[in-house]
Amino acid sequence: MAFPSKNLTPGQALQKLKHYCAYQERCHSEVREKLFSLGVWKKDQDAIIATLIEENYLNEERFAIAFAGGKFRMKQWGRNRIKYELKQKQVSDYSIRKALKQIEEDDYEKTLEKLAREKYLLLKGEQYLVRRKKTQDYLMQKGYEPEKITAVIARIAKSKE
4 MAFPSKNLTP GQALQKLKHY CAYQERCHSE VREKLFSLGV WKKDQDAIIA
54 TLIEENYLNE ERFAIAFAGG KFRMKQWGRN RIKYELKQKQ VSDYSIRKAL
104 KQIEEDDYEK TLEKLAREKY LLLKGEQYLV RRKKTQDYLM QKGYEPEKIT
154 AVIARIAKSK E
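The sequence shown runs 4 to 164 under this note's numbering.
These are computed hints drawn from the structure, not numbers from a lab.
Some clues are possibly wrong.
[What the hints assert, rightly or not] In silico DSSO-like pairs for lysine-lysine, Cα to Cα no more than 27 Å straight-line:
id: 1; residue 1: Lys113; residue 2: Lys127
id: 2; residue 1: Lys101; residue 2: Lys161
id: 3; residue 1: Lys101; residue 2: Lys21
id: 4; residue 1: Lys46; residue 2: Lys78
id: 5; residue 1: Lys113; residue 2: Lys86
id: 6; residue 1: Lys127; residue 2: Lys161
id: 7; residue 1: Lys127; residue 2: Lys78
id: 8; residue 1: Lys145; residue 2: Lys117
id: 9; residue 1: Lys45; residue 2: Lys74
id: 10; residue 1: Lys90; residue 2: Lys19
id: 11; residue 1: Lys78; residue 2: Lys104
id: 12; residue 1: Lys161; residue 2: Lys137
id: 13; residue 1: Lys90; residue 2: Lys113
id: 14; residue 1: Lys101; residue 2: Lys117
id: 15; residue 1: Lys161; residue 2: Lys122
id: 16; residue 1: Lys136; residue 2: Lys117
[Said to hold, decoys possible] Beta-carbon label-pair distances, calculated as ranges:
id: 17; residue 1: Lys127; residue 2: Asp49; range: 52 to 60 Å
id: 18; residue 1: Asp49; residue 2: Arg158; range: 50 to 58 Å
id: 19; residue 1: Val133; residue 2: Lys78; range: 22 to 30 Å
If you're wondering where the values come from, they're calculated on a predicted model, not measured in any experiment.
Ideal placement from N, C-alpha and C gives every residue a C-beta, glycine not left out.
Could you build all of it, start to finish, from the sequences and the hints given here?
Put into structure tokens, the structure is as follows:
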């Protein structure tokens, strides 16, 4: 985003940020980037962020829960990938742990099983070990835990024999 020709007043920036945060959940780092792109002075940024938190426009825990739930449901990411992405957004470990607890273990297992089964079937023409390795790599990239991947692939391979 281009720099504005003149800086916004803290009041104008606060209004813009209220709309920005009301539109969808945001993390602190996204809000800081937005303030920077609006040309807000560093000394005013902290005050604006504090106001957004006080008025409940900005809530890191709520953001983490929404982010984790959305990425799991829509992109079918595993916990490792979600955790990594939240860390990239500088979300606190406490909020990350709380967000990951919101993912139902049963749904998580079913999604992992479904993804593994689909990928394994897709690689039908491949040699057995190649098929297992490619399925494992795919699930690792999605962010699932290695021990869970190994167990689910073993079950699928056994059922296909």
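**Asked** If you check each hint against the structure, which ones fail?
**Response** Hints 2, 4 and 9 contradicted; others consistent.
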